[in-house]
Structure formats: structure tokens, C-alpha cells
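Trainee: Work out the full structure: start from the sequences and follow the hints.
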Amino acid sequence: MSMKNKPIQLSRRQFLRGSALIMGAGLVSACAAPATPAPQASGPSTAPSGTGNPLAGTQGNEMAGKTIEMSFAVIAGWPPSQAPIELFPDFAAFAKEKYGYTVTARKTEAPFGELFQKIAPTLAAKSQEYNIMVSDSQWLGALAEPGWIVRADDVYAVVPELDIEPFSSLVRNTYQIYPDGSNQRWGFPQMPDTQGLFVRIDILEKEAENYKRETGNEMPLTYEDLSKLTVQQWEPIWKYLNGKNGMGAVAIQQSKEYDFFSCAFHPYVYATGGDIWDPATGNVVGVLNTDANAKMLEYFRSLQQYQPAGSQDFGIGSVIDLFVQEKVVTAFQWLAVGLFMIPPELQGKAIAIPHPKIEFEGGPEEVIGAMGGQPWVLNKFNDDDRTRAAVDFLKWWYTDETQRKFLAKGGLPWSKKGIENPLFEGAPPPWFKPFVYMLEEGRSRDFWHLPEYAELLAIQQEAYNGYAARQFNDAKSVLDSIAAKQQALLFEKGRTSTPVPDALKNVQPK
Amino acid sequence: MSTNTAIPTVAERNEQALSAERKSVIRKSKFFSFPTLLLTPILVLFVLLNVIPTIWLIGFSFYRYSLQSPDAPRPACVDGPCIPLIVIPTNIQISPTRQLEIIIPSVPPIDNYIKIFNDADIWGSFGRTLTFVILAVTIQVILGVLLGFLFWGSARMPGRRLALTLLFTPMVITPVASALFWRLLYDPTFGAINFLITTFGGQTINFLTNNEWAFPAVLFVDIWMWTPFMILMTLAALGSVPKAELEAAEVDRMSWWRKLRFVIWPHGKFILMLGILLRTIDAFKTTDLVLTMTRGGPGNITDLIGLRLYRYAFASLNIGFSSALAVLLLITAIAFTSIYLWVLNARRRSEEEG
Chain B
1400 MSMKNKPIQL SRRQFLRGSA LIMGAGLVSA CAAPATPAPQ ASGPSTAPSG
1450 TGNPLAGTQG NEMAGKTIEM SFAVIAGWPP SQAPIELFPD FAAFAKEKYG
1500 YTVTARKTEA PFGELFQKIA PTLAAKSQEY NIMVSDSQWL GALAEPGWIV
1550 RADDVYAVVP ELDIEPFSSL VRNTYQIYPD GSNQRWGFPQ MPDTQGLFVR
1600 IDILEKEAEN YKRETGNEMP LTYEDLSKLT VQQWEPIWKY LNGKNGMGAV
1650 AIQQSKEYDF FSCAFHPYVY ATGGDIWDPA TGNVVGVLNT DANAKMLEYF
1700 RSLQQYQPAG SQDFGIGSVI DLFVQEKVVT AFQWLAVGLF MIPPELQGKA
1750 IAIPHPKIEF EGGPEEVIGA MGGQPWVLNK FNDDDRTRAA VDFLKWWYTD
1800 ETQRKFLAKG GLPWSKKGIE NPLFEGAPPP WFKPFVYMLE EGRSRDFWHL
1850 PEYAELLAIQ QEAYNGYAAR QFNDAKSVLD SIAAKQQALL FEKGRTSTPV
1900 PDALKNVQPK
Chain R
-15 MSTNTAIPTV AERNEQALSA ERKSVIRKSK FFSFPTLLLT PILVLFVLLN
35 VIPTIWLIGF SFYRYSLQSP DAPRPACVDG PCIPLIVIPT NIQISPTRQL
85 EIIIPSVPPI DNYIKIFNDA DIWGSFGRTL TFVILAVTIQ VILGVLLGFL
135 FWGSARMPGR RLALTLLFTP MVITPVASAL FWRLLYDPTF GAINFLITTF
185 GGQTINFLTN NEWAFPAVLF VDIWMWTPFM ILMTLAALGS VPKAELEAAE
235 VDRMSWWRKL RFVIWPHGKF ILMLGILLRT IDAFKTTDLV LTMTRGGPGN
285 ITDLIGLRLY RYAFASLNIG FSSALAVLLL ITAIAFTSIY LWVLNARRRS
335 EEEG
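Protein sequence lines, in the order shown, are assigned to chains B and R.
Per the working numbering, the first sequence starts with residue 1400, numbered consecutively.
Per the working numbering, the second sequence starts with residue -15, numbered consecutively.
Since the hints were derived computationally from the structure, they do not count as laboratory data.
Possibly wrong hints are sitting among the right ones.
Here are the simulated DSS-like pairs of lysine-lysine, each with C-alpha atoms no more than 27 Å apart in a straight line [to be verified]:
1. K1517/B / K269/R
2. K99/R / K1904/B
3. K99/R / K1875/B
Mentor: What follows is the structure, encoded as C-alpha cells:
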């Protein structure tokens, strides 16, 4: 028989043996420790090279004639992070004129909760899929600790003009520094944000007479009078307004999504003089699960009585819809979306005031709002050309002209110089005044910048939202369960030396 | 030449036939014959895309590894000192400064699995998922069979084809689109359902944020989406019943119940069981629906196990722990699949025995 006619045959036993060998090799490979990244394996070089240090941006004509495509990762459904992309043609013109290269932009977007999930695997794979990213402030540790992003200090060292003096230390602590309390800066401020209360002043005016007749009290109608009211003093007004004209009195975010409930509730915790954890010791137990905070959680939930149905699912977008479509008279909201809360058709009919103070038994009337807003971060694994383009982008972004255009698109300033921008003199947008007030020292506070933020957040959002929906009804047990789970996580990760006390082990919300 | 020697006897012919059969059996037993070689590309892809990732997943499940870990993965140690490792050096250079080392724990570090078994939240999600699967599949089967019989028995009904097309539509819509669509319908302020309820004097219902309504509301959407699949399987099962047997049953004037029991059921049960098992496996994996509609809320009322796994893997980036959970879910899915294979083979077994 010739070789041509001989079938190539492998017995089943031989095949199985071969397969077992391949699987075994695979299993061993799976168990093998992946390589520790070699230092400087990729990313921009930090030392000046023959063509200049990329972290300094483009020097001379070293990029002339090149074509660069830059990729941005931004937050979907969050207009402030879209504005830079809309302004990008200006940067392309700037880069062409000043440095002689052609640059185009590609945008990838995902909602708050999902953007980190989108960018993290690419960074873990040391990819330059996204060259510049809008990061939430809470992600700083998660991005900085594994070494995925460029340290802002390294850029400032060679481009000092980017190191702009912020309006208050809140900007630095929220958008730039990791670890907390250190002097290491990682983020470049993009859009600061604080909380406020949006009020349909036209409806208050319409109801003022009836309100006085029914309650004997004057309806506060000016910015100054409304700003003086505490949440507790707002209650009789909300009680009166609720259900009138088919509208709810107030909308407060309590959704399980991302940090919506947490950010709305935290000012009530801060009002007691308390906090959600102790950054110095890493402890949650004994800090979050206090009787005072439990009382505040109960009070926070009691405000549902003045809100439209379904408040347990209110988030940023739904609160905008409710307010703009005349379903609520007042709404707690981020001031960064002021342009969308007060569109042209509501101008003159609505105003924004700072987050009202909160009364607490035995304590001062206090407001410490939650910080919002985001920094830019630069991908550590960008090649040198993209690093240069990214730094050039920041140089362009922080120019007075670009900032003016950004502010005109509804952006908010964060630097001393920005706040004094002539755009805000005369008739600033209605959300500007409360924004500046809330950005003053000590008026707002951010929470955790730890790499474990996602797990910490998931733990408390689930429990808080369960309490909001009356799945649980004992506020103290809700806080105990959050504290125990977060303490266990932080202990496991070595962020605290205190384990969960026995009394709280296996505690469940009731 | 004698003809006697040329013509084989019956015994010789039998012997030759047996020999040829033996050769054929031997040839068949060779795994890599030409047809099998044609399958090689897909087998290679299967190994690359399925087998190796699964082995990798199992490997990771023994490690305490997060995507954010700046260092190499550490074996997940049970309480106390770390489990000893066997380190096998190799000559493979993986970076300018480092050679590949193969590290094998001398005993499997099962800390991730221990944590899963001690995690009340995970068990809660498992319980909810099982409740979801049992309720969803049971209702879908009942409705699917009833509607299947209705359409089977009304072949001349005017508009039957249009009705079937409309009925199958939910099944072909992307689950995320369906979820979003129902989320909007359920909305207490802007939703059409509450508009109708309040128009007729009812009270607004917070379908997705009320702890009593949320689970049934999500369950209803799953039933809406997948009942058509069970109708399809029922029609396929009924289509497999030989017409001759049905006609014989008619001639014999068998009652409807006896016809179902002795004619339809023996033929249709295999396809119907296949449908039930496919739905069971699919319902067990439900993630997209709850992620879009409720994110597992309010609280954890609709937090199914698939969603929890998604959170551990993609929000917390906790690869070791989520791999361990994925392995357990894989084992559960394999258990379902085994039942499915057992049911599929039941027909062959019954034929062999019969």
C-alpha cells in the first residue's frame, strides 16, 4: 500500500493521552505566577531622551508632520465630561498650529458605575486603549496603586505652568491626592462639583399666599431667605407643597446605582460631627454604626413622605427629568448639572441654593456636603507620542480661552483664577453662587480613594437601598452590617489592624 | 480447476463477513480517521477558547488575585500559615530580569471556596436564584404548553401566523432592550402602566422599588420573554407525534386524556424536557435582565447569583474569588447539563430496552 492511501490514524487512547498532556500543561501554566512587570517595561520615559521628555509635552517640532489618534474614556450621561470632546476640534487646531501635528479624538463612554470596569482591564493589560480618562475621585487609589496612571507631580515637575493654584484644599484632596494625607498628586482637576438644592421659585411664589393662609408663615422666596433654611425648616414647606398641582415636594437620590444613595445621605452623617470611616486608622466599626448616624438614617428615610413615588430609585438622570418636567418643586442635585436642571425654558423660574444645613440634637446646625466632580488621569502605558499629545491637551485645556469656553458650556471652575473669571461677574448662572459657597474650605467632603472603593460602595449601597425600600427597617442593624462587612474587607486588605469585633460577626440587617 | 475450492462454503462466508466487520470496528475505533481530521480546526478552537480558559479559571480560583494587585497572584491561604509551595525554576526568560517559575501549591489553597461557603450574601443570592428559576420555568412551561396546544389545535384559525409572530417577538428582542422597555413601562411617574392604574382610580405602584413588587415584576418580564420559547418547544414536541398514530387514536375514539397519555406524551416528552432543561440552565444564568431593571435592588431583593458574580469580577476586579464562584456555578450548570443529557439518552435507552 502506498503512503498516499494510508490514513493518518491516532487511536483514541493516544488522543486522550495527548489531550491530558495539553490540559496538564495548561493547568500548570494557570497555576504559574505571572511575570512581575519589568520596571519601565512600557509607558513614557521619565528621563529626558534624545527627543525630549514626553511628560513635558511637545518640545519644538519633534512631533511635526505626525498624525496621532487620541482615545478618551468619559462618563456617559454626565454632560461635564462630554464637553472637552465637543471642544476637541479647538485642540486639534491648537496642536497643528503650535506643534505641527495632526490629532484626532476617539471617545468611549460608559455610565458612572461601568466606566471603571471598562478601563481597568485594559490598564491591567498595560494597554493604551484609553490615553486620557475622566476618573471619578474615588478611583484615584484604584488607578494609582497598581501603577496604571501617570503621577501628576511628575508632569508638574517639568511643566510647572500646569500646577495651578486651586480655589480651596478640597480640590487637591478630592481630585489629586492619593493616599489621603500624603503630598502625592495623581489627578489633574477636570470638573469640580458640589451639592445643592434646586428650587422652582415660580411655584413657591404662586403658593406663597395660600401657604401663609394655611400655616400663618411667610413663604421664603429669595436666595438669601431660602439659604438660611435647614432641612428641618424646609419640612413644613415640603409638607404643604407635596401633592399640590400633581407635583412632589422634593426629590432626593436614593438609587442603588453607583454612589447615589451614599452621596445624598452622607451630609446627614457629617452633620452629626461623625463620618463614615476613620481614614487615620482605617476603622469603620465604631465610626459609621453610631446611634447618632442611625438616627440620621431614620430621619433621611422619613423625608420620603415628601417625595414622588419610586424615590428609592432616584438617580442623577431621573431627578433632572422630574425637575424639568415639573414633577417636583425642589430637588437635591449636583450643581455641575445646573445647565440641565435649569434649561432656557426654566430660567428665571428656578434657582439653586447650597445644600441646606441639617439640625442635629445637641450639635450645631451644619452642612458638609459630599464632593462630586472628576479629575483627568493619564494612562501610564501611553507611548511617547501619545504622552506628549496628552500633556499638550492639558496645556490647552487649562488655557484661559479653553476654560472660558468650558464654563460657557456649563462647566465649573476649580482654580482661584477660574472662579474670578469675568464670565461669572454680573449675571452668573444660578448654580454658580451655591457652588462657590459649597467649595469653600470645610463645606464639602469626599470619601475613600482606596482601591477597594468598588467593594466598599457595593456593600453600603445594597444595605442603604434595602433600608430605603423597607426591606430592612432597623437603621442601627443596617449600619452595623455595613460597618462589619467593610471592616472585614479593610482588615483583609491590610488597611486596618482592627478585626471585626465578635459581636458584629455575622450581623445581618433587619 | 475445481469449482469446489473456488466457491466458499457458508461457514467460510460467515467467517469472512465477521472478519470484515472486525476490521470495520477496528477502523472505526481509530479516532483520527479522515472525517475526524476535518473536525480538527474546530477542536483546536474549542481547546483554545473553551478548555484552556476553563483550566485557567480553575487555576485562578485557588489564588487571592485582583486585577489591581501590583504583584503576582498569591495563593489563597486558609487561616494560619501559608500553604507550602513547590517552585519549579525553568530556563524561560520572561523579562530582562526574570525567569519563569512554575509555582504549584503542594495542597490546593481553598480559602476562596471556604469564604464562599461562609458567605451568607452569596447563599442568599443562590436561594433567590433557585426561587427565580423554579417559578419562572414552571410558569413558562404551563403557559407555553397551554398556548402550544391552542395553536396546534387551531391550524385553520384566521391570523394564526400573525398571532404566532407577535407571540414570539419577546423572545427575539435583546434582553437588555426588553428590560429597559419594561423599566420605562413600570416607572411610577412616567410609566404607562401606572398611568393606566391611576386613570382607573388605583394607587401608584412602585413596581421596581417596592420590596414586595420588585421580584414578581422582574419575574413577570422573564416569563413574558421566554414563554414563547416553551410554546415553540411544545409545538415542536407536538409536531413529532406521527399523524398515523393520532388518526388511529381518532378511529379508536380515544378520550383526549388517553390520547395525551398514550400517543402524544411518549413522542413529545423528549423535546419538551429538552426545552425545560434549556430554560432552567438559561434562567439560572439570568444577569442582563436584573442588571438593567433593578441592579439587584431594591436592597438585594432581585440580586441573582449571576449579577453578584458580575459585580465581584468586573466591579471589584476580584479575579481569584470570582473565579472560585464561577467554578461553583459551572459545576451547577454541569449538573443541569447532566440531567439534560440523561433525558436525551433516555429515549435511546428506552428504545434499546424496548
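Trainee: Run every hint past the structure and note whether it holds.
Mentor: Each hint tested on the structure:
Of the supplied pair hints, the one linking K1517/B and K269/R holds, its CA atoms being roughly 22 Å apart against a limit of 27 Å. Distance restraint check for K99/R and K1904/B: the Cα-Cα separation of roughly 14 Å lies within the 27 Å cut-off, and the hinted pair is therefore satisfied. About 26 Å separates the Cα atoms of K99/R and K1875/B, which keeps this hinted pair within 27 Å; it holds.
Checked against the numbered hints given earlier, this structure breaks none of them.
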